[in-house]
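Chains as they are written, first to last, in our numbering: chain A, 1 to 114; chain B, 1001 to 1116.
FYI, nobody ran anything at the bench for these hints, they're computed from the structure. A few of these clues could be false.
Calculated pairs, DSBU-like style, for lysine-lysine (alpha carbon to alpha carbon, straight line, at most 30 Å) [what the hints assert, rightly or not]: (1) A:Lys-5 to B:Lys-1071; (2) B:Lys-1057 to A:Lys-68; (3) A:Lys-5 to A:Lys-54; (4) A:Lys-113 to A:Lys-5; (5) A:Lys-71 to B:Lys-1011; (6) A:Lys-68 to A:Lys-5; (7) A:Lys-54 to A:Lys-71; (8) A:Lys-5 to A:Lys-71; (9) A:Lys-68 to A:Lys-54.
Chain by chain, the residues:
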Amino acid sequence: DQQVKQNSPSLSVQEGRISILNCDYTNSMFDYFLWYKKYPAEGPTFLISISSIKDKNEDGRFTVFLNKSAKHLSLHIVPSQPGDSAVYFCAASGNFPNAGKSTFGDGTTLTVKP
Amino acid sequence: DTGVSQNPRHKITKRGQNVTFRCDPISEHNRLYWYRQTLGQGPEFLTYFQNEAQLEKSRLLSDRFSAERPKGSFSTLEIQRTEQGDSAMYLCASSLDYGGSYNEQFFGPGTRLTVL
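Can you make the complete structure from the sequences, with help from the hints?
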C-alpha cells in the first residue's frame, strides 16, 4: 500500500507561469512533509518542508500548502524557470516507531519550457 | 563540507556474487539512511542508523542485505548472493536530528548496481 502518492507522473508549464505539483498521503501519523528536487545522475536535494501544525510555508518562489483534513499537499513554483525542470519528490515523516525516516512518492517530472 | 559521498558510483556484478557499498555522510550528522530507487519510483527506505545504532530495518529488506555503521561515521551496505531484482540505485542520506525531531536529509549521488 503506497502511503504517499503523486498521481501526476509529469507536468509541463511555460516559463514564467505557475507550476503546481500535488501529493496525497494516507497515513494520519505523518506530521512532517518535505519536497525534494532531483536532477539526472544526482541524489535528491531538499527544497522545502512543512510541519503539520502549519498550512503554508513559503521560501522565495516556492510555497508548500498542507490540507490535513484532505491529507493533501501541494508545491507551487512561481514564476517557473527552465532550471526548475527536474523530478520532484514528495516525502512524509512521522515519529513512529522512530523519527526521521521518510516515505517518498514516485515523483513528478516537471518540464518548464522557455 | 563536501556533502555525502558514495562509492563506487557504479557496480556491475554477476548474479550470486556479493557486493558492498560505502557511504560517507556529512561529518557532524548523526543519522544515516539507506534507500533503494528503481526507475520511475521514489526512494524506498531500507534502513537507518542513529550514530552506530541501527534503529530500523524495512520489512522489505531480505536477510541477504546487511548494513553497518561501526563507529557512527561511514556506513557500508552489503548484499549477499545478488539477484537480478537487486539492480537499482542505492542512495545514502544523512541528517542531524535529536530525539523526536527530524530535518531534511542530504543525499549522496547514489551507487547504481547492475546484476547480470
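Going through the hints against the structure:
Restraint check for Lys-5 (chain A) and Lys-1071 (chain B): the C-alpha separation of about 36 Å exceeds 30 Å, so the hint is violated. Pair hint Lys-1057 (chain B) plus Lys-68 (chain A) holds up; C-alpha atoms about 28 Å apart against a cutoff of 30 Å. As the CA atoms of Lys-5 (chain A) and Lys-54 (chain A) are separated by approximately 21 Å, the hinted pair is consistent with the 30 Å bound. At most 30 Å may separate the alpha-carbon atoms for a hinted pair to count; Lys-113 (chain A) and Lys-5 (chain A) meet this at roughly 25 Å.
For the given pair, Lys-71 (chain A) sits about 39 Å from Lys-1011 (chain B) by alpha-carbon distance, which is inconsistent with the 30 Å threshold. For the proposed pair Lys-68 (chain A) and Lys-5 (chain A), the alpha carbon gap of about 15 Å is at most 30 Å, so the pair holds. Pair hint Lys-54 (chain A) plus Lys-71 (chain A) holds up; C-alpha atoms about 13 Å apart against a cutoff of 30 Å. Among the hinted pairs, Lys-5 (chain A) with Lys-71 (chain A) is consistent with the structure: their alpha-carbon atoms are about 11 Å apart, no more than 30 Å.
Only pairs whose Cα atoms come within 30 Å are accepted, and Lys-68 (chain A) paired with Lys-54 (chain A) is accepted, the gap being roughly 9 Å.
Consistency note: the structure conflicts with the earlier hints numbered 1, 5.
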